[in-house]
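Asks: Listed below are the residues making up each chain.
Protein chains: 2
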Amino acid sequence: MLAAARRWRAAGKTIGLVPTMGALHAGHLSLVEHACRENAVVVVSIFVNPIQFGPGEDFERYPRDPKHDAQLLGQAGIDAIYRPAAGVMYPMGAATRVRVVGVSERLEGAARPGHFEGVATVVTKLFAAVQPDRAYFGQKDAQQVAVVRRVAGDLDLGVEIRVAPTIREADGLALSSRNAYLEPAERRSATSLSAALRLATEAYARGERHPQALTDVLRARLEAEPLARVDYAEVVDPATFRPPGLLAVVAVWIGKTRLIDNHDLSQPFPG
Amino acid sequence: MLAAARRWRAAGKTIGLVPTMGALHAGHLSLVEHACRENAVVVVSIFVNPIQFGPGEDFERYPRDPKHDAQLLGQAGIDAIYRPAAGVMYPMGAATRVRVVGVSERLEGAARPGHFEGVATVVTKLFAAVQPDRAYFGQKDAQQVAVVRRVAGDLDLGVEIRVAPTIREADGLALSSRNAYLEPAERRSATSLSAALRLATEAYARGERHPQALTDVLRARLEAEPLARVDYAEVVDPATFRPPGLLAVVAVWIGKTRLIDNHDLSQPFPG
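In order, the protein sequence lines correspond to chains A and B. Just so you know, this note's numbering puts 674 at position 174 of the first sequence, and the rest follows in order with no gaps. Just so you know, this note's numbering puts 661 at position 161 of the second sequence, and the rest follows in order with no gaps.
If you're looking for bench data, these hints aren't it; they were derived computationally from the structure. Ideal Cβ placement from N, Cα and C applies to all residues, glycine included. Do not take every clue at face value.
To be verified - Partial pick of chain A residues on the chain B-facing surface, computed with a CB cut under 10 Å:
hint : residue
1    : Arg-506
2    : Ala-628
3    : Thr-740
Work the whole structure out from these sequences, hints included.
Replies: This is the structure:
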């Protein structure tokens with residue numbers, strides 16, 4: 501991969517990277533489209549990164565569909581798929597980890613110990629191997645975006661982090677590979693995340709500014725859903741993931757599936 | 501720096517990096533010579549990295565002599581000096597750290613908590629900015645070499661780590677910028693490190709293979725020195741820095757100055 505990247509660079513071509521864990525959906529394809537518009541060469545990496553899953557999380561059952569992924573990417577006009585094997589990424593004896601203090605510690609970081617260290621480490625490796633000018637991430641994983649921005653900036657990786665809006669189903673549910681886990685009744689309950697974000701956005705638009713009141717709006721809607729169990733619901737700064745701020749972030753268990761979503765309350769809720 | 505590195509790479513030139521903290525001596529110049537033989541372009545970085553010094557260590561008094569450094573490098577035929585400011589390397593809010601488990605935890609890592617995390621972080625940043633094909637380190641800092649090898653390999657940085665032999669004074673003392681701290685009586689005591697390594701090498705050459713016996717040889721010579729206080733003296737594996745192995749490593753306080761040295765017992769001791 502590095503040899504190919506160096507050849508592209510030597511030929512003066514810009515490189516865009518879309519890092520994914522496969523099980524691609526329209527959200528990923530939106531990132532690919534952004535990348536294709538802005539770079540001469542586009543690489544999509546597909547790697548279900550074991551070290552960003554905690555013990556008891558869904559690493560084993562995380563959806564994998566390489567044929568469908570290849571089919572989707574075949575129509576997308578990209579230049580390469582980088583699909584390293586786990587034994588190549590983390591060979592026996594590998595011992596180096598990248599961590600970000602502060603932004604990686606609360607919310608997703610607290611709920612999933614080690615998750616962001618796994619993300620920061622794999623992103624550093626992917627950036628080193630692909631040498632991108634720009635890398636593309638979805639707003640859906642907003643805290644991941646904040647962590648990756650710190651890594652890229654703090655380690656002088658020379659990669660611009662580009663963020664594309666969350667893609668949603670018609671009923672508001674944010675696209676996620678994990679939506680495939682949902683039973684029909686759970687799928688209906690899962691709209692509670694976007695519904696809660698929409699209600700908080702409307703409250704903000706009506707002039708509500710008190711953080712606790714906005715959080716209460718989020719919680720009330722989520723807790724009204726019998727199948728939902730709230731992990732967190734807060735309004736935070738999008739760079740530090742601490743209050744005060746205008747980014748509403750929610751994490752909710754729907755049965756055995758944990759879903760996240762977020763929205764900047766100062767912006768209209770789409771749809 | 502990254503823009504210059506990308507131009508050199510685009511022109512098909514190989515890049516060698518010699519990372520230093522300045523206060524250059526013949527040991528550094530030996531690394532520079534190696535780099536100049538093997539690369540089209542050679543960059544020497546000079547950065548006294550604050551995060552690899554612990555509280556109470558010698559960050560403030562670490563020797564700095566930019567004029568002398570520039571003079572030495574002016575005669576060395578290098579292409580660039582990279583001398584970033586501390587506020588550029590670690591701006592307000594910087595929060596990302598690189599750490600290596602295992603090899604960074606014992607000996608120097610135990611004596612200097614946080615030291616190797618600082619080394620691993622700054623080396624990742626320097627490699628990202630300079631984009632070297634090869635980077636040059638001295639055998640004198642053997643555990644640092646082991647840590648940096650892991651970082652470069654584990655993070656896919658595409659940098660070959662090259663190691664040059666320790667350069668010694670006529671009486672055996674390994675060159676180090678910290679030798680400048682030594683008072684005349686301390687300077688005489690400081691030869692005990694290389695003398696101990698020589699004695700252990702001779703014991704090994706005579707057939708001594710018992711790790712404890714070899715360690716005893718090291719300790720006996722060091723403890724015979726009134727001004728010396730042994731921090732550690734062990735015989736370890738050069739990749740893991742755990743026993744068993746053939747690399748004798750010593751750290752000794754001479755007054756307020758902490759010196760380190762090492763030698764592979766299977767090789768003749770120089771001089």
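Asks: Please go over all the hints and tell whether each is borne out by the structure.
Replies: Consistency of the hints with the structure:
For Arg-506(A), the suggested interface contact is upheld, since its CB lies about 7 Å from the closest CB of chain B, less than 10 Å. The beta carbon of Ala-628(A) comes within 4 Å of a beta carbon in chain B, closer than 10 Å, and the hint placing it at the interface holds. Annotation: interface hint on Thr-740(A) holds; nearest CB of chain B at approximately 9 Å, less than 10 Å.
Of the numbered hints stated above, none is contradicted by the structure.
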